[in-house]
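Participant: Chains A and B, in that order, are what the protein sequence lines are.
The number in the numbering used here is simply the position in the first sequence, starting from 1, with 364 added.
If you count the second sequence from 1, position 95 lands on 93 in the numbering used here, and the numbers rise without skipping.
Bear in mind the hints are in silico, worked out from the structure with no lab data behind them.
Owing to the predicted nature of the structure, the values given are computational and were not obtained by experimental measurement.
No residue lacks a Cβ here, since even glycine has one placed at the ideal position from N, Cα and C.
There could be a bad hint or two in this list.
[Stated by the list, open to error] Each pair of labels, with its calculated beta carbon distance range:
| no. | chain 1 | residue 1 | chain 2 | residue 2 | range |
| --- | --- | --- | --- | --- | --- |
| 1 | A | L447 | B | K54 | 21 to 29 Å |
| 2 | B | I5 | A | N435 | 39 to 47 Å |
| 3 | A | R427 | B | K57 | 42 to 50 Å |
[Claimed, not checked] Among chain A residues calculated to face chain B with C-beta under 10 Å, some are:
| no. | residue |
| --- | --- |
| 4 | F409 |
| 5 | Q412 |
| 6 | Q420 |
| 7 | G422 |
| 8 | G448 |
| 9 | S450 |
| 10 | L454 |
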Amino acid sequence: DAGVTQSPTHLIKTRGQQVTLRCSPKSGHDTVSWYQQALGQGPQFIFQYYEEEERQRGNFPDRFSGHQFPNYSSELNVNALLLGDSALYLCASSLGPSASTDTQYFGPGTRLTVL
Amino acid sequence: GQQVMQIPQYQHVQEGEDFTTYCNSSTTLSNIQWYKQRPGGHPVFLIQLVKSGEVKKQKRLTFQFGEAKKNSSLHITATQTTDVGTYFCAGSAGNMLTFGGGTRLMVKP
């Protein structure tokens, strides 16, 4: 039973560029949430996708966008990269969108470095 | 918006000593979840507490949820080197989790 997978593992970009990160949820899960974890800090919620729609969004600018595909996999896109976007980007999947009742399983993350 | 704070930020202990991390929310929580992140790893779910005053144990780990559902604690008895990592609490509101800043535990053998 495959867990949550993310690609790529590491990525280096320069300021102003655009990046796309990918996530495949755990088998049987239909909900994907994305988090940004800066070094030494806790993960911060970016947004959640359920039934191919963005269901809830954290305090992130419109430069951060996403998509969910019919097979429940998801992409996170970040435009006009800033130095401050350097972080570990975590994808978490769950069966159902409620953080109150549905346990989230995290993937290994994508380490993004913006130079 | 909702804020979740954890103390201490760091904790060094000698192997065999006990360890406690505390979590406080600015708002009443639906539930509280605890995660462990090993160095270089990703958060791994440990437990979820839902009821006011709830206490749950996992071997040497004891988790408590406050009566007002605004605070929680994780206590580890007789730490081992395998306990090294950062422990995060996360409170839920709707579809999102709000994580605390974490407590980094270092254990000296």
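Participant: Next step is simple, just say for each hint if it's right about the structure.
Facilitator: Verification of the supplied hints:
{"no.": "1", "hint": "L447/A <-> K54/B: 21 to 29 Å", "result": "violated (41 Å)"}
{"no.": "2", "hint": "I5/B <-> N435/A: 39 to 47 Å", "result": "holds (42 Å)"}
{"no.": "3", "hint": "R427/A <-> K57/B: 42 to 50 Å", "result": "holds (44 Å)"}
{"no.": "4", "hint": "F409", "result": "holds (4 Å)"}
{"no.": "5", "hint": "Q412", "result": "holds (5 Å)"}
{"no.": "6", "hint": "Q420", "result": "holds (4 Å)"}
{"no.": "7", "hint": "G422", "result": "holds (6 Å)"}
{"no.": "8", "hint": "G448", "result": "violated (17 Å)"}
{"no.": "9", "hint": "S450", "result": "violated (16 Å)"}
{"no.": "10", "hint": "L454", "result": "holds (6 Å)"}
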